[in-house]
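Knowing the structure of chain U, use the given hints to seat chain D on it.
As a plain string of letters, each chain reads:
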Amino acid sequence: MINEFYLENLETVKRTFQEEGQVVLFDFFTKDFFSLLKKIAEKKPRPEKDPLLHSFSTVSVDLPELPFLRSLFKKQPDFRSYRFGWKDYTLLHDLDMQKPGIDIIIDLAEDWQEKWGGSVYYVDGTGNFTKMPIKANTLILVKRTSGNNRFIKYVNHLAGTRKRSLLIGSL
Amino acid sequence: MFDLSQIQKLSEKFQQNQPFPHLLLHDLLDKEEVSSLLKALQKEEFQLKDSDLFTFLQTDDLQSSSDKAVRKFCQFLSKTVAPLLEKITSVELTGKLDLSGTLYKNTHHLLPHDDKLEGRKVAFIYYLSSLEKKDGGALALYSAKDGKPLKIAKRIQPQFNTFIIFQVLPESFHEVEEVIVNKERLAVSGWFL
Numbered sequence: 023m024i025n026e027f028y029l030e031n032l033e034t035v036k037r038t039f040q041e042e043g044q045v046v047l048f049d050f051f052t053k054d055f056f057s058l059l060k061k062i063a064e065k066k067p068r069p070e071k072d073p074l075l076h077s078f079s080t081v082s083v084d085l086p087e088l089p090f091l092r093s094l095f096k097k098q099p100d101f102r103s104y105r106f107g108w109k110d111y112t113l114l115h116d117l118d119m120q121k122p123g124i125d126i127i128i129d130l131a132e133d134w135q136e137k138w139g140g141s142v143y144y145v146d147g148t149g150n151f152t153k154m155p156i157k158a159n160t161l162i163l164v165k166r167t168s169g170n171n172r173f174i175k176y177v178n179h180l181a182g183t184r185k186r187s188l189l190i191g192s193l
Numbered sequence: 003m004f005d006l007s008q009i010q011k012l013s014e015k016f017q018q019n020q021p022f023p024h025l026l027l028h029d030l031l032d033k034e035e036v037s038s039l040l041k042a043l044q045k046e047e048f049q050l051k052d053s054d055l056f057t058f059l060q061t062d063d064l065q066s067s068s069d070k071a072v073r074k075f076c077q078f079l080s081k082t083v084a085p086l087l088e089k090i091t092s093v094e095l096t097g098k099l100d101l102s103g104t105l106y107k108n109t110h111h112l113l114p115h116d117d118k119l120e121g122r123k124v125a126f127i128y129y130l131s132s133l134e135k136k137d138g139g140a141l142a143l144y145s146a147k148d149g150k151p152l153k154i155a156k157r158i159q160p161q162f163n164t165f166i167i168f169q170v171l172p173e174s175f176h177e178v179e180e181v182i183v184n185k186e187r188l189a190v191s192g193w194f195l
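Just so you know, the sequences run in chain order U and D. Counting from 1, position 41 in the first sequence corresponds to residue 63 in my numbering; the numbering is continuous, with no gaps. Counting from 1, position 61 in the second sequence corresponds to residue 63 in my numbering; the numbering is continuous, with no gaps.
With the rest of the complex left out, here is chain U (with noise of 0.2 Å):
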C-alpha cells in the first residue's frame, strides 16, 4: 500500500511531524494503490463557486482503510476530492478560517507544471507562506494552527482544459 521506507521510518515521519508541523512524503503509495487512489478521485465532482472565498469542483470519497495515518493520528479523516481547473482558487478569508487541526494532502497531479498555478501555500499569520512542492504520488501532512491557513493558488489559462487533482482530509 506504502513505500516501505515510510513504514520502516515511521518514527523519524512522526518525529519531523511534531518539530516541523508539517511533513511531505514523496513517491509515498506503490503504483498500484496510488492508481487506485486516482481511480476513486475520478468520482464525478460538483462545481461550488462562492467568488470571495473559493471556486472548484469537489466531491466527497471512501478511500481505503490507511493504516499509516491510523499510527500517526490515532484516527483517518473523512476526504474530499478536489479538482481545480482554469479560474479556479481557495482564498484566505475570515469567514472561512479553519479551526486548529491537520492536514492531510494526498497529490495526484501528474504532470502539472508549477507555472499554471494551483499550488497550495500555507501562510503563518505573520507574512510567511510556505509553497508545498508539486508532485504526484506525494503526502503532505500539515498542522494548521490558528495562524496557519491553506490557500491554493488560482489556475490561469495556460493550464486549458487540464485539471488539478487533490484529495484532502482534515483532523
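By construction, these hints were calculated from the structure, which means they are not laboratory data. Hints are not guaranteed to be accurate.
Unchecked claim - Covered stretches of chain U (in silico footprint by chain D; criterion: 3 or more residues with CB under 8 Å from a CB of chain D, positions within the stretch not fixed):
#1 105-114
#2 170-181
Unchecked claim - Below, a list of computed lysine to aspartate or glutamate pairs in the DMTMM-like style, where the Cα atoms sit at most 20 Å apart:
#3 D:K147 / U:E70
#4 U:K71 / D:D54
#5 U:K109 / U:E70
Claimed, not checked - Some chain D residues flagged as far from chain U (calculated, every beta-carbon gap over 10 Å):
#6 S13
#7 E47
#8 A125
#9 E180
Because the structure is a prediction, the values reported are computed rather than measured. We treat Cβ as the ideally placed atom computed from N, Cα and C, and that holds for glycine.
For chain D alone, kept in the frame of chain U given last:
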C-alpha cells in the same frame, strides 16, 4: 474642466450605473500630458505582488516619485479631479490620495474583493493601455445580495486615457480578470480618501 450642466449629467449617470455607482471619463488628459505620464511611468520600478488574491506588478506610492510628470499628475488628481468628483459622487473627499502604478502581464489577475479599508471613499483606475475582450484584463463588477457577490454584472475593458471611478461601498465587489495574452495592462490606480 466641466460646466455645471455636464456635472449634473455625469452625476446622474454615476448614480444610475449598475451594479453599483461608477463612471467612465474618456480622454482625461491631452495627448502631450498622457504621453509624458506614460514615459515617466515606464521609468518607475514595478515589483511583483503575489498572494492568494492577486498576481501583478506595482510601483511604490507614486506621490513619492521624483519624476515631474508623475508629481504633476498626482497634483491634478488631488487639486482638480477630487473637487469635481465630490460634486459628481456627493461623497466628501479630503483631497488626499493613495495611488500606484499597476502592470498586469500574461496570467496576472486580481480576484473578487470589495476594496473596503479605512479612509477609502472613491476608487479609480486610469488606463494607460487598451485591451480587447479576447485579451482578458477586464474590470469585472459584481451584482450583490445580502452583502455577498452574486455574479459578474458588467465588464469594462481597459481603454487608453480613460478614467474609471466607483464608490467604495460594502457591496462594490469587483475583480481584474486574468490577462490571457502577451499584452500589458498598464494603469495608475488607487483611491480618493
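**OP:** Quick one: which hint numbers does this structure break? Sort them smallest to largest.
**Re:** 9
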